[in-house]
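Residue numbers (our numbering), protein chains in the order written: chain A, 23 to 361; chain B, 5 to 265.
Some clues are possibly wrong.
As a list, the in silico DSSO-like pairs of lysine-lysine whose alpha-carbon atoms are at most 30 Å apart [said to hold, decoys possible]:
hint, chain 1, residue 1, chain 2, residue 2
1, B, Lys-138, A, Lys-161
2, B, Lys-61, A, Lys-258
3, B, Lys-138, A, Lys-36
From the structure, some residues in chain B lie toward chain A, with a derived Cβ separation under 8 Å [stated by the list, open to error]:
hint, residue
4, Leu-89
5, Ala-143
6, Ala-184
7, Ser-185
8, Glu-189
Hint data in this document are derived by calculation from the structure and do not stem from the laboratory.
As the structure is a computational prediction, the values presented were derived from the model and not from experiment.
C-beta: ideal position from N, C-alpha, C; glycine also.
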Amino acid sequence: MAFTFVVPPELSAKEPPERRGIRRDQVRLLVIDRAAGRIEHTRFDKVGDYLRAGDLLVFNSSRTLPASLRGCECSASHGPCMEVRLAERLPDGSWLALLLCEQGDPFSCGLRAGMQIEFAEGLAATVLERDANIPRLWKLGFSISGTELVDLIYRLGKPIRYEYISAPWDLDYYQTVYATEPGSAEMPSAGRAFTWKLLLDLKRRGIDIAYIILHAGLSSYMDEEEYFVSRITAQKINRTREGAGRIIAVGTTVVRALESAASENGSVTEAHGYTRLKIDRHHKLRCVEGLLTGLHEPEASHLDLLSAFLPAEQIHVAYREAVARRYLWHEFGDLNLIL
Amino acid sequence: MFCRMSKLAGKNILITGASQGLGREMALRFAREGAAALSLVARHPDKLNVVRDDVLKIAPKIDIVAIEADVSKPRDIERIAATTLARFKGQLDVLVNNASTIGPSPMPFLLDYPVEDFREVLDTNLIGPFLLIKNALPAMIERGGSIINVTSDAGQVGYPGWGAYGISKFGLEGMSQTWASELQETGVRINWVDPGSMNTAMHRAAEPEEDPSEWANPADVTDVFVFLGSDESKGLTGKRFQAQENWKAELNHEERKAKKI
C-alpha cells in the first residue's frame with residue numbers, strides 16, 4: 023500500500039504500560055466505526071462499550087518464547103559470537119532463525135551449511151541451510167528436541183528486544199494474561215491490554231471468548247505460519263455467525279488463522295495447518311468482522327492487512343489522528359479497534 | 005490387580021515438590037488412578053528421575069515430564085509452565101502446589117528469624133504457588149480445572165517456632181480463599197488440604213525430637229487429593245480439607261444439610 027506517514031521516535035512505547043505508571047488495560051484505544059466512518063478516542067478498559075452481547079472475541083493464546091539466544095561458532099579458532107533469534111519451529115523439528123553477528127556488520131558471521139554453534143548448558147546447533155523464501159533466515163538443527171529443548175530455551179533465552187525498547191524487560195512483560203502453549207518469537211501483542219478482570223466482566227455482559235494458536239514469527243520476516251483452531255473455537259465461531267454477533271479478532275495473527283481456516287461461506291471447522299495466506303485489500307474477509315490491533319509502522323505488512331477491513335484513505339485519516347494525538351506504537355503501545 | 009475405576013483417567017496433572025514425601029506418593033497414586041499425563045517438578049533431579057522411573061513402572065504409557073526447577077524463582081515458574089504446557093499441548097486439568105520449605109532447621113523463634121530465611125520461605129511457600137497458579141490458569145479456564153494447595157495446621161494456629169513456615173501457610177490459605185472467590189464464575193476451582201502429621205524428611209527435620217513412628221505414612225493420605233483432582237469433586241471450591249480426618253463424612257453431612265434448606 024502506498025501509504026506514507028512518519029512515526030516520530032518518541033511515539034514508540036519504550037516500556038510496558040505498568041512501567042509508565044498505568045495499568046496494562048489503561049492504554050489508549052482508537053476506535054474506527056467502519057460503517058459510520060467515525061473515529062473515537064477512549065481508554066482500553068472501556069472497550070466493552072463498543073461490544074455487544076453475542077459478540078465473540080477470538081484471542082491468540084500462543085505464549086512468547088525467550089527467543090533470543092547467545093551462541094558462538096564452535097571451531098578451533100573460536101568463531102564469531104551471535105544473537106540467534108528463533109523465528110519458527112518447522113514441521114521436521116528444526117527451527118528457522120535469524121543469526122545476528124555481535125561484532126561489526128550483523129550479517130557478516132560467515133554463515134554456511136554445516137557450521138556448528140554452541141550455546142551455554144551444553145546446547146548446540148548445526149546450521150542446515152538458508153531458507154528458500156526468506157534468505158535472511160537459516161534453518162537450524164538443535165542437539166536436543168521436544169520438551170527438553172523448550173526447557174533449555176527458557177533457561178538460556180531472553181525475549182527479543184527491538185532498538186526502541188528502553189530496558190531488557192523480563193519475559194513476563196511479554197506475555198498476555200491468557201497465554202498457554204509456548205511458541206511465539208514475538209508477543210501476540212494486541213491482547214496484551216486485557217486483564218482477567220476485564221475478560222470476566224465482558225463474559226458477564228454476554229461477550230464470549232475463544233482462542234486459537236498461531237505461533238507468531240519475526241514480524242519483519244513473516245511467511246508461512248503454523249496455526250491451530252480447536253473444535254470448541256470453531257463451534258463458538260459458527261454459533262456466533264448464526265446469531266447476530268460479530269467475530270472480532272484480537273490481533274492480526276487471529277485474522278490470518280481464521281481466514282485460513284474459514285470455508286468460502288465463512289464457517290470454520292477444527293483445523294491445524296500452515297498458512298501462507300496474504301491478506302490485503304484484495305482479500306474478501308470470510309469470517310472476521312472486527313479487529314483489535316496495535317498501531318503499525320508505515321511499511322509493515324500488518325498495515326496491508328488492515329486494508330482488507332477498510333479503505334486505505336480511512337486508515338490514513340485514523341493514523342494521522344493517532345500521530346497528532348500522540349498515540350504510542352509497538353508491542354507496549356496503544357490499540358486500535360476496527361468495527 | 006483387581007478391577008477398579010480410573011478416577012483420574014484423561015487428566016493432565018502438575019505436581020510441585022514431587023521428588024519425595026507427599027509429592028512422590030501423589031505422583032505414584034495419580035499414575036495408579038489412570039492420569040493421562042504428569043508433570044513433576046522438584047529441585048533435585050536425581051530423586052525426581054527416580055520418581056519418574058517408578059511412575060513409569062506403574063503406568064508405562066503415561067506421558068510424563070520431570071522438570072528440575074526451584075519454585076522460589078519467578079523465572080523457573082515461567083519455565084515450569086511453558087515446558088509443561090508445551091508437553092501437554094496447552095491443556096492442564098490439575099495443579100497441586102505441594103512444594104514447600106520449613107526454612108532453617110532447627111526452627112528459630114520469630115524474634116531470632118533471619119530476614120533472608122524468612123523471605124526464602126515466603127518465596128517458596130507463598131509467592132511460588134501464586135505465580136504458578138497465575139501461569140497455569142489460562143490452560144484451565146476454558147475447560148475447567150482443579151487447583152489444590154497443600155497447607156498445614158500451622159496455617160491456622162500460630163505455634164511457637166513454626167515462624168515463617170506457619171505464616172506462609174496462613175498466607176496460602178488466605179490466598180486460596182481469594183482465588184476461590186475471584187474464580188467463582190469460571191470452571192476453575194481451588195481447595196486446600198492439610199495432610200496432617202506425616203512421616204516425611206521435612207517433618208523429621210522440623211521436629212527432630214519427636215517420634216516419627218506416630219505420624220502417618222504420606223502414601224496413606226492421598227485419597228483426598230485423588231478426590232479433588234477427579235470429577236467426583238466437580239463444583240466444589242473454596243474449601244479446606246484435613247486429609248486424616250473423616251472429610252468424606254463431613255462433605256456428605258454438608259450436602260444433606262444443603263438439600264434440606
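Structure versus earlier hints, numbers of those that do not hold, lowest first
Result: hints 1, 2, 6 and 7 break, sorted rising.
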